[in-house]
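Taking the hints as your guide, dock the two standalone chains into a single complex.
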Amino acid sequence: MAQPPRRPRSGARQETGFEPPPSPAAGQEDAFEAPGEGSEEQERFAAEGIDPTLEAMKDAVERILFSRGNGMLKTYAEGEALQGADNIVGVGIGPAMRDFESVGPKGPGAPVLNVYVAEPMTMDEAKAVLVDEFGASALSSDAEPVNVIRTGLIDTQPHRHRERPAPSGISVGHVKITAGTFGALARGRSGERVNRLLMLSNNHVLANSNAATAGDGILQPGPLDGGVDPRDRVAILERWVPIDFSTSGANFVDCATGWCWPDRVRREFIYRSGGGFAYFRCGSTPVTATVGMIVGKTGRTTQLTNGRVIDVSASLRVNFGFGRVANYRDQISIRGLSGDFSQPGDSGSLIWTWDSRRAPVGLLFAGGGGITFANKIARVLSALDISLLT
Amino acid sequence: MNDRFSAPDLHGSGLGPVAYRPEDDGDAARAVAETALLAIDGVCGIGEGRDDTGAPAWVCYVVDRAAAARVPPVLAGRRIVVEMTGEIDIHTR
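Chains as they are written, first to last, in this note's numbering: chain C, -14 to 375; chain G, 2 to 94.
Honestly, the hints are just simulated from the structure, not real lab data. The reader is advised that the hints may include incorrect statements.
What the hints assert, rightly or not - Computed Cβ-Cβ distance ranges for the label pairs, DEER-style:
| # | chain 1 | residue 1 | chain 2 | residue 2 | range |
| --- | --- | --- | --- | --- | --- |
| 1 | C | ARG320 | G | ALA30 | 20 to 26 Å |
| 2 | C | GLY261 | G | ASP25 | 46 to 52 Å |
| 3 | C | ARG293 | G | GLY87 | 17 to 23 Å |
Beta carbons are placed, not taken as given, at the ideal position from N, Cα and C, and that holds for glycine.
Just chain G, with the same shape it has in the complex (with noise of 0.2 Å):
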C-alpha cells in the first residue's frame, strides 16, 4: 500500500530534536507570588486554582507537611491552597 510513496531517507528527514521556546505571558502577580513561594523550603510547584468556595487561589505543591506548615494562608490577597504531592517525578514505570 506504500509503494506511491518514496524511500524513507534518515539524513535530511526531519528527525531529531527541535527547540520549542514560546513567549513567557506570565502576569505580574504571577511572577511576584511565584518568586515568594518557590523560595520557601519544600515547595516544589505553585499554580492557580479555586479554593472550597470556588474563589481564585494559589496552588501550593510540597513535599511534606513540614513544609505546609511554611506556606503562608494568604499571598496578595489570594488564599493559597496546599497540596502535599511529595518529590513530583517522571511517571515511567
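Pulled out of the complex, with its shape left as it was, chain C reads as follows (with noise of 0.2 Å):
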C-alpha cells in the first residue's frame, strides 16, 4: 500500500469556538439508545468459566481452519457459493443466545462454539461440517448448540467503520445515498458561517445529487456502510451547488458542505498504517494542479493512494444514474501509479500534493476505467465560499 509522505502525527483534538447545528427535532432524541447493562446471556456468559473441553475443541477447529488452502477465496470471487468447510472463516467461544436458537440444555449464555460463515448454513449443517471435516465429534450431540453467525468473507476493514470524532477519508453520506467519502472539514468565509465547522464532500454524497433538503441528515458511517438516521448524524446539509443536467449545461464542481457538531468531527486524515488506523494532517492552502504532478488522497473504499495528473482541463459527460448525465469543464484527470487512484465510494475525497505540503489540490467526483476526475479545489471553495480547515 502506498504510504503518504512523513509528517508529524497529531491527536484528536475537539474544534472549539464554532456554532453547533440546529438541535434534532423534539422527540428525536427518544431514538437514540441508552447503553445498557448487558443481556442476560452476556452476564452470565461474563460470571461463567469456559469448559476446557469446549476451549480445546475451538482450538482443534482453528489449527484445521488455518492449515487450509485458499482455494475458497478463487471460489468465491468466481462467482460460485462456498459450501461445507470452505464455508466456515472463523470460530470462536461465545454465549449461547436466543438469536441465534443456540440455548441448550445449559441454558442461555452457556459457553458453546462460535462458527463464523461466509453464506447462510443452518446449525445442522454447521455442526455436520465440523464433526466430519473438523473433527469436532462432540457436537454430534444435540445437547451441544453453536452459534452459527454469518458474516460474509471476512476483509481487512477499509475506511467503512463508524468513528468519533470523525477523521475525514471516512464513509459519510446523506440518508437517502448509498456511501461516499467526508473530504476534509471548512469552514464558511463570511457572516454566521465563519461560526460553523463544515464538512466538504461532493453534491452527489451530501446532497443526494439536488433531491436533499437543507437540513437533511449526513450521516457517518453512509447507509450502506450501516449508517442509520438519526444515530449516526455528525452533519446536517448546510449548501451545496446544484449540478445542471440539461444537455446545454456546464457543471464545474460537484460539491456541498455539512454543518458538523464540533464534538463529531475532527481534522485529522484516516489511513491504514500495519494492522490499524493512523492519521495524518493536510494544508489548508490550495494550489493549482498541473500535468505530471503526484497527487494524493485517501478515502472510503480504496484508502490511502496516490497517482499522477494526465490533464488540468477535461470537458466531461459524467453519468449520475437513473439517466442523468451532466456536462462537466474544467476538470482534472488522475492515473493512479500503481492501482486504481480510486473506487466507487471514494467520491468527495480532498486530493492534495504528494509532499510535504500536502496542498490541497481537487475533490474527487467521478472516474471511469482507471482514471479519476476532480474538481479544482479552488473553484470548490470558491463556490461554497469557504475556507479549508485542514
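What follows is the structure, given as C-alpha cells:
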C-alpha cells in the first residue's frame, strides 16, 4: 500500500468556538438507545468459566481452519457459492443466545462454539461440517449447540466503520444515498458561517444529487456502511451547488457542505498503517494542479493512494445514474501510480500534493477505466464560499 | 463550549443551494477541438495533457475500442492521446 509523505501525527482534538447545527427536532432524541447493562446471556457468559473441553475443541477447529489453502477465495471470486468447510471462515466461543437459536440444556449464556460463515448455513449443517471435516465429534450430540454467525468473507477493514470524532477520508453520506467520503473540514468565509464547522464533500454524497433539503441528516458511516439516522448523524446538509443536468449545461463543481457537530468530527485524515488506523494532516492553502504532478488522497473504498495528473482542463460527460448525464468543464484527470487511484465510494475525497505540504488540489467526484476525475479545489472553495480547515 | 453563540436558526441562515456560474475563459483552439472530438460517437470527454514525448496534446476520453478507432491521431497540429475510460460515472458506492 502507498505510504503518505512523512509528517508528524497529531492526536484528535476537539474543535472549539464553532456553533453546532440545529438540534434534532423534539422527540428525535428518543431514537438514541441508552447504554444497557448487557443481556441476560452476556451477564451469565461473563460470570461462567469456559469448559476446557470446549476450549480444546475450538483450538482443534482453529488449527484445521488455519491450515486450509486459499482456494475458497478463488471460488468466491468466481461467483460460486461456498459450501461445506469452505464456508467456515472463523471460530470462537460465545454465549448461547436466543437470537442464534443456540440455547441448549445448559440454558442461555452458557459458553458455546461461535462459527463464522461466509454464506447462510443452518446450525445442523454447520455442526455436520464441524464433525465430519474438523473432527469436532462432541458436536454430534443435540445437547451441544453452536452459534452460526454470518459474516461474509472477512476483509481487512477499509474506511467504512463508525468513528468519533470522525476523521476525513472516512465513509459518510446523506440519509438517502449509499456512501461516499468525508473530504475535509472547512469553515465559512463570511457572516454567521464563519462560526460553523463544515464538512466538505460532493453534492452527490451530501445533497443526493440535488434531491436533498437543507437540514437533512449526514451520516457517518454512510447508509450503505450501516449508518442509521439519527443515531449516526455527524452533520446536517448546509449548502450545495446544484448540478445542471440540461444538455447545454456546463458544470464546474460537484460539491456541498454539511454543518458538523464540533465534537463529532476531527480535522485529521485517516489511513491504514500496519494492522490499524493512523492519522495525518493536510495543508489548507490550495495549489493549482499541473500535468505530471503527483497527488494523493485517502478515501472510503481504496483508502490511501497516489497518482499522476494527466490533464488539467478536461471537459466530460458524467453519468449520475437513473439516466442523468451532466456536462463538466475544467476538470482534473488522474491515473493511479499502482492500481486505481479511486473506486466507487471514494467520491468526496480531498486530493492533495504528494509532498510534505500536502496542499489541496482537487475534490474527487467521478471515474472510469482506471482514471479519476476531480473538481479544481479553488473553484470548490469559491463556489461554497469556504476555507479549508485541515 | 458553545454557550457564547446564538442558537442556530434554520430560517434565513444561509442554508440551501447556491449557484456557481464562472466566466468561460476557454480559448478558440480548444473550443474547435472540443466541438470536433465530442461529435465523434463514443467520445465522452476531452482535455489537454502531454504525449509520450512531453509535447502538449489533446486528451480524448472514449467509452470503448471502437470509439478509439474513430479518433484522428492529430488535430490542429497537436497529437491526440486516447484514454479508454468507459462511461464516466460518479464515484459513490
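Quick rundown of the hints versus the structure:
no. : hint                              : in the structure
1   : ARG320(C) to ALA30(G): 20 to 26 Å : holds (25 Å)
2   : GLY261(C) to ASP25(G): 46 to 52 Å : holds (48 Å)
3   : ARG293(C) to GLY87(G): 17 to 23 Å : holds (20 Å)
When the structure is compared with the earlier hints, no violation turns up for any of them.
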